[in-house]
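These protein sequence lines are chains Y and F, in that order.
Each residue of the first sequence is one higher than the one before, counting from 305 in the working numbering.
Each residue of the second sequence is one higher than the one before, counting from 13 in the working numbering.
Each hint should be verified, as a subset may be incorrect.
Rough simulated footprint, nothing fancy, chain F against chain Y, three-plus residues with beta-carbon under 8 Å [to be verified]:
(1) 466 to 474
(2) 477 to 486
(3) 745 to 754
Simulated from the structure, these hints should not be mistaken for laboratory data.
Ideal Cβ positions, reconstructed from N, Cα and C, are used throughout, including at glycine.
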Amino acid sequence: MLPPAPVLVTTAGGVLLVLSIALPVAGILLAFAFGERYVRQVAFTVMPAGLAIAAAVLVLLPRSDGHLVYLLGAWPPPLGVALRADGLSAVMLATTAVVICAVAIFAATDFRPQAAEARAPFALWILLLAIWGALNTIFVGGDLFSLYVALELLTFAAVPLVSLDGRAETLRAALRYLLFALLGSVLYLLGTALLYGLYGTLDIVLLSHRVSAESGVLIAAALMTSGLLAKTALFPLHLWLPPAHAGAPAAASAMLSGLVVKGSFFILVRLWFDAMPGLPGLAAAQLLATLGAGAIVFGSVVALRQERLKLLIAYSTLAQIGYLFLMFPLAFGASGKLENDQALAGGLLQAVSHATAKAAMFMAAGSIYAGLGHDRITGLRGVARALPLSVLAFAIGGIALMGVQPSGASLAKELLLQETARTGQWWWALVLQAAGMFTTAYVVLVLSHALAPSDQSIALVGRAPLGRDLAALALALCSLLLGLLPWNSYLPVRYGPTSSLFGIDALPKLLLPVLGGAALAILLSPWPHPLGSSAAWKALIRVAGPLRRGCLGLSSLVVSGDDVLRQWSAAGISLLLVALLLAALMFAAS
Amino acid sequence: MSAVTVFGLCAAAAVGLGLYGLIANPQPLRKIIAFNLLGSGVFLLFGIVGRRGAAAAFGNDPVPQALVITGVVVAFSATALAIALLLRLFQIAGSTTLDGPAPASPPSDPSGG
Chain Y
305 MLPPAPVLVT
315 TAGGVLLVLS
325 IALPVAGILL
335 AFAFGERYVR
345 QVAFTVMPAG
355 LAIAAAVLVL
365 LPRSDGHLVY
375 LLGAWPPPLG
385 VALRADGLSA
395 VMLATTAVVI
405 CAVAIFAATD
415 FRPQAAEARA
425 PFALWILLLA
435 IWGALNTIFV
445 GGDLFSLYVA
455 LELLTFAAVP
465 LVSLDGRAET
475 LRAALRYLLF
485 ALLGSVLYLL
495 GTALLYGLYG
505 TLDIVLLSHR
515 VSAESGVLIA
525 AALMTSGLLA
535 KTALFPLHLW
545 LPPAHAGAPA
555 AASAMLSGLV
565 VKGSFFILVR
575 LWFDAMPGLP
585 GLAAAQLLAT
595 LGAGAIVFGS
605 VVALRQERLK
615 LLIAYSTLAQ
625 IGYLFLMFPL
635 AFGASGKLEN
645 DQALAGGLLQ
655 AVSHATAKAA
665 MFMAAGSIYA
675 GLGHDRITGL
685 RGVARALPLS
695 VLAFAIGGIA
705 LMGVQPSGAS
715 LAKELLLQET
725 ARTGQWWWAL
735 VLQAAGMFTT
745 AYVVLVLSHA
755 LAPSDQSIAL
765 VGRAPLGRDL
775 AALALALCSL
785 LLGLLPWNSY
795 LPVRYGPTSS
805 LFGIDALPKL
815 LLPVLGGAAL
825 AILLSPWPHP
835 LGSSAAWKAL
845 IRVAGPLRRG
855 CLGLSSLVVS
865 GDDVLRQWSA
875 AGISLLLVAL
885 LLAALMFAAS
Chain F
13 MSAVTVFGLC
23 AAAAVGLGLY
33 GLIANPQPLR
43 KIIAFNLLGS
53 GVFLLFGIVG
63 RRGAAAAFGN
73 DPVPQALVIT
83 GVVVAFSATA
93 LAIALLLRLF
103 QIAGSTTLDG
113 PAPASPPSDP
123 SGG
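Excised from the complex, chain F in its bound form (with noise of 0.2 Å):
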């Protein structure tokens, strides 16, 4: 088995993962790591690409390893800005469960709607 088959499997894998923990798990905080498992898995196989393109005699690809440098950047601000919201929830109401009731119409709130 060569090396791009066993990443690519461990790619399947943590993708595998991440979609299960991101679906089945209630926690907020536990489907926020699922997606960062998730997002892991595609920047694995991301690399995977790269190194294919390596074994077309060029060096190695440039372009992927571009991509999954911006693609860390984004999921690290989706994981910073859900993790602030997550905080923010738990400072207001005390849980971090998702599944409260369905907001009401706002009590104070003169001139929103």
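One chain only, chain Y, in its complex shape (with noise of 0.2 Å):
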């Protein structure tokens, strides 16, 4: 597919993608210059005109070709800079707006104005609003530094989210979260110097017309790729995301989980299919899957030997983030390149399913915290009584993430896996099959003890407003009916999406990832049953005893093997090889 022709004018309906952008940035400086009181006001006013931005750009985009350019100040690439948005930032606008409202929506109950640490809930807002503008600018910036910038202002928004409470280990991973991403964007600025002196442009159309596998080339690609890795945590560059989830707030967790990786994936995806596609890549793209991979196995099994609902859910994004990168080699065509097809409409479903599902869940688990005062998993039994929508927006959000149909990721989990039959790459397949069943593990994991009965009714400190629980719910939903919406105007979805939605083949689909994902909840997880002592489980228990006994000595290696790689000298070689691997790879295909 030959890359298309620049439009170097600004189409009718550009001036939305600047009003998306500014929007945002209005409200951040209307809420500094109204004062703490004020604030709620501000961003509930700014957020429906942000959905409805969205929304319009999604109306507009199938009228206007596909593509919506606005050209700065009329000069165009590449001297000036260009917004564009196709579906794909479609897509992305419109998801991150209704996270955000949802976010919003949480955390006006959480955060009050007479909270005791009184400039945290200003804060909250104003990084709320940062984090939505700073992803716009990704997802309609036409050149690499203006993704730079964006990179840098999300970043610069999200790292305070991590120590809102200003304690001194969330200060810790605060810290940590800004070198270690300051160090993943030194390395994409080093990329893009290199490109724009090769090509004189960073512009990312006419790069993609310029762009042959050079020397250079494959360098700035290596650099460039492995310090985006580094921001979205990828397996085994994820030092920070773990400690950065333990201390945040439920708000700033679900953002941080649901959009912040999401805006370096973004750039990620733009980089290698829209602005290098003719790059000898195949192999560096199994190299990117091979991580995904190991981000899916080596975060599920720490997830599941989670003592904090909290950071089982921070993990389990760490399986997730895996997940996104499977689409990599199965993009290939038959041509060698890229290719902006289905398994990139899969990948983007993914990250859409897991944006909504992820948000919805971590704030479903703070309201189980703000209820229990506490959120240890085995203290769980009877919640689901005590504190029923909680846990189940909990459940639908971790049955969407599943892939049971017609959710988000259940097509995505479609697309990719006939682009494994199409490319004959069946281990991928394998992959994906796996990740479903571990996705389910944990999930079934917690709630068999939420859903256990209980004898006494359980004390609550404090009961969550509805608004909350009604919140995390809408999103979960969503997330659930993903695979219902008309994808094709936006992404080359070439599946029907209600095609067998509630035949008979839809059945083992559904049984397969519960049986395996049942299977690894009991056998990798340590903690005891809340029915333990019941006679069925004892004669389940002494059948598999040994095997379980065997997972769990496994699973304590992957868990010590998870502290050595979150040492920072550890993560910081292993990002050096990750970029030495990948140009390797590169030079060695050209």
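Put the complex together from the two separate chains, hints included.
What follows is the structure, encoded as structure tokens:
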């Protein structure tokens, strides 16, 4: 597929792209001007307008041939800066708007103006708008340097979210995150310098016409890719992610995991698919997907051993990030070039469904924490009766993530599985199935604790307002119903979304991950189950005992491996190794 | 050896030293300084790119200079944010090591989690 001819004029509706960036920034400025007392009013004025802009982009895009362009100051590239939106940007803009609004409704009851830490709520609202603005800039940015600036803005907005409560551990986590993210972004900037030196432009469309497989380009691609991987927290570069989530408020975690890591992932997609589609990257893409497969196994196994619900969800994010990278080797067409086709659609759908489902799960976990005063998984017994809506939101989010029809994750999995069959890379089909089982495993683990009947009613230390649970529930339902939306106008999805929805052949697709996941949960979770004293459980343990002990031994090895990999020096060396390997693989292929 | 080559080697050296410092040095303040050194190397590289534009019959290529200015602002903000976090950490914890215990669940935060 040839890259599209560069559109060097502003199209009708292009001004929407400017508005999508300017609106959140205006909200921030107004919030500072009006001060703490009116920050919520400002935020809740900006939200509907932002939703309307995202909706308008979705409506206008199919009518204007799938591209919206705005040239800043009417200067055409390479001298000027262009803002562009295509189907991918439109989908991500809409997802971001929906998730941000849900998080805002959740946080409106969480961060009251009269909370103890006076400045934390104010900061949260400002940072929420800042993240929105930075993400929108990433989605519509048309040249690699604008993307760099937007990426840095995103980091600067995300880092303070980690340390909102101001304790020493969270400050430490924020500093680790900031320094590692800076390392990643400097590598990205180094790559852009090399590219500018070679081609005299950083505009993505112009680059896609000029790039050829020269040595400088390969080095730049390896540097930029590994820098972005560090920001996305792909295994083994995930040192900042678990501590960042451990102490952050639920609303902050929902944004960090649902949205912030998608920003750098989106730039990576732009880089590989749009800026340099002609690179000899099949081997490098296999490396990316291998790291993704490692992330799935590693993140899931560590998630199953977590004591706290929140850290379980954080490690499951690590696994889900890995899932996003499985699309790279599947996207290579017969010509040996990356194609903007089904595999990319599947990967992006997975990103969208993960953004909605994971934000909902973090918010539900926050409500459970607020209700119980703790979030130990073993102490969740009976919580389903005490906090039914929170548990329901968590369950629906988890079910959507497992890939039960008609969720977005199931459609994404279907698309990726078709591509594995088309390209003959059967091993990635195995990884995809295993990923589904692992996801099911930790969802089943939590639900089996939460749904276990309890003799005495639990004493709740506080009760979350209804609005919080409804926000989480709405977002989870969004994720569950994503597969029913008409994606064809924005993403190249050839798969009929409603076919075989409730047919008999959907049953094995459902049963296989559920059974596998339950088996994995039993084998890999070290916690005693609330029904552990029942006869059936004892009989099961007697049969599976030696196997379970072996699996637990292995998984404790994985956990100590995780501790080593999250050391600063180990992560730094891994980053350099990933960059070197990527470059070597591309040089070998060219 | 032309001036461009000398500057290029200097940029490479600054990037290498910065990378080493950022990865190998355990102290956060030195990491921040190493990040600045690394950034300076990259900015120098942008400058060289502009000079090469000058060789191709332009007066000088202005775009890399604009990029460097923006990059310097971004690096400055990053440094300021990192220093602010570091100062706050020192005020609260009395030390600035990054390898503390993992954050436990917030003890006095009834609505977070």
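Outcome of the hint check:
1. 466 to 474: holds (count 7)
2. 477 to 486: holds (count 7)
3. 745 to 754: violated (count 0)
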